[in-house]
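*Asks:* Model the placement of chain B on the given structure of chain A, informed by the hints.
Chain by chain, the residues:
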Amino acid sequence: KNEVEQSPQNLTAQEGEFITINCSYSVGISALHWLQQHPGGGIVSLFMLSSGKKKHGRLIATINIQEKHSSLHITASHPRDSAVYICAVSGGATNKLIFGTGTLLAVQP
Amino acid sequence: EPEVTQTPSHQVTQMGQEVILRCVPISNHLYFYWYRQILGQKVEFLVSFYNNEISEKSEIFDDQFSVERPDGSNFTLKIRSTKLEDSAMYFCASSGDSSYNSPLHFGNGTRLTVT
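Heads up: the sequence lines are chains A and B, in that order. Mapped onto this note's numbering, the consecutive letters of the first sequence carry residue numbers 2 to 110. Mapped onto this note's numbering, the consecutive letters of the second sequence carry residue numbers 15 to 129.
The following block holds chain A by itself, in its conformation from the complex (with noise of 0.2 Å):
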């Protein structure tokens, strides 16, 4: 069993659409991350969290540390966000990564 799944693993949606995607883990962390990955390859991070919700211009994110899950939410989607999100924990000594598969978003115009 992978110790970070994400749902949908494909999700198409039009452009101005509200949309979620979730991550649920089954080890113990210090904290999530949310990061995003373009075509070319790189990867960006977008929030890192260990409790609550954190905002950014369309992007949010929540975790329930009780539930061990976490929700990105991205209002009035844009094409230009057609990317891999992929959700991650860390902790330990080292505060390694450890990833999910991610989640392919594309936004129709």
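Hints may contain errors.
To be verified - Quick list of in silico lysine-lysine cross-link-like pairs, BS3-like style, CA-CA up to 30 Å:
id	chain 1	residue 1	chain 2	residue 2
1	A	K69	B	K71
2	B	K56	A	K56
3	A	K54	B	K92
4	A	K55	B	K56
5	A	K69	A	K56
6	A	K69	B	K97
7	B	K71	B	K56
Stated by the list, open to error - Chain A stretches covered by chain B per the calculated footprint, using a threshold of three residues with CB under 8 Å from any CB of chain B:
id	segment
8	16-27
9	99-105
As the list claims (entries may be wrong) - One-sided and incomplete, this derived list gives chain A residues near chain B with beta-carbon spacing under 8 Å:
id	residue
10	T63
11	A94
12	N96
In short, the hints are calculated from the structure, not lab data. Since the model is a prediction, treat every value here as computed from it, not as a measurement. The C-beta atom is built at its ideal place from N, Cα and C for all residues, glycine as well.
*Replies:* Chain B alone, transformed into the frame defined by chain A:
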């Protein structure tokens, strides 16, 4: 904003050859990492490095792999004798410290193709 830079962006090598992937982490960061992503798969942890030594390594990081911080700015990953299955995207990352509130910064990756 400071960036993690990786070179080269793409490396093609023949099986059995040695390759060195290079990274320049953010200058005041203390923790350094290598991750890899085989095409179509999730990103996997390889190794973490702190205070000039390996702090943790995965089972992927066998004797064919080594890391070095030779001059206080570069952070390198060496694969001694490449295999076909080493073909992947390799990401370097750094963070200021290992506390839970220190975000990770990634480089753009080196795509390694072993033929």
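*Asks:* Now tell me if each hint is right for this structure.
*Replies:* Cross-check of the supplied hints:
As the CA atoms of K69(A) and K71(B) are separated by approximately 26 Å, the hinted pair is consistent with the 30 Å bound. Taken as a hint, the K56(B) and K56(A) pair is honoured in the structure, with Cα atoms around 26 Å apart against an allowance of 30 Å. The hinted pair formed by K54(A) and K92(B) fails the criterion: a straight-line CA distance of about 40 Å is larger than 30 Å. Only pairs whose Cα atoms come within 30 Å are accepted, and K55(A) paired with K56(B) is accepted, the gap being roughly 25 Å.
Of the supplied pair hints, the one linking K69(A) and K56(A) holds, its CA atoms being roughly 19 Å apart against a limit of 30 Å. For the hint linking K69(A) to K97(B), the alpha-carbon distance of about 38 Å lies beyond 30 Å, and the restraint is violated. The suggested pairing of K71(B) with K56(B) holds, with an alpha-carbon distance near 17 Å, which does not exceed 30 Å. Under a criterion of three residues with beta carbons nearer than 8 Å to beta carbons of chain B, the stated coverage of the segment 16-27 of chain A fails, only 0 such residues being counted.
Here the segment 99-105 of chain A counts 5 residues with a CB under 8 Å from a CB of chain B, which clears the bar of 3, and the coverage holds. Below 8 Å, beta-carbon pairs count as interface contacts, and T63(A) has none with chain B, the closest being about 17 Å; its hint is therefore violated. Taken as an interface hint, A94(A) checks out: its beta carbon lies about 7 Å from the nearest beta carbon of chain B, inside 8 Å. The beta carbon of N96(A) is positioned within 8 Å of a beta carbon in chain B (closest approach about 4 Å), and the interface hint is therefore held.
In summary, the structure is inconsistent with hints 3, 6, 8, 10 from the numbered list given earlier, while agreeing with the others.
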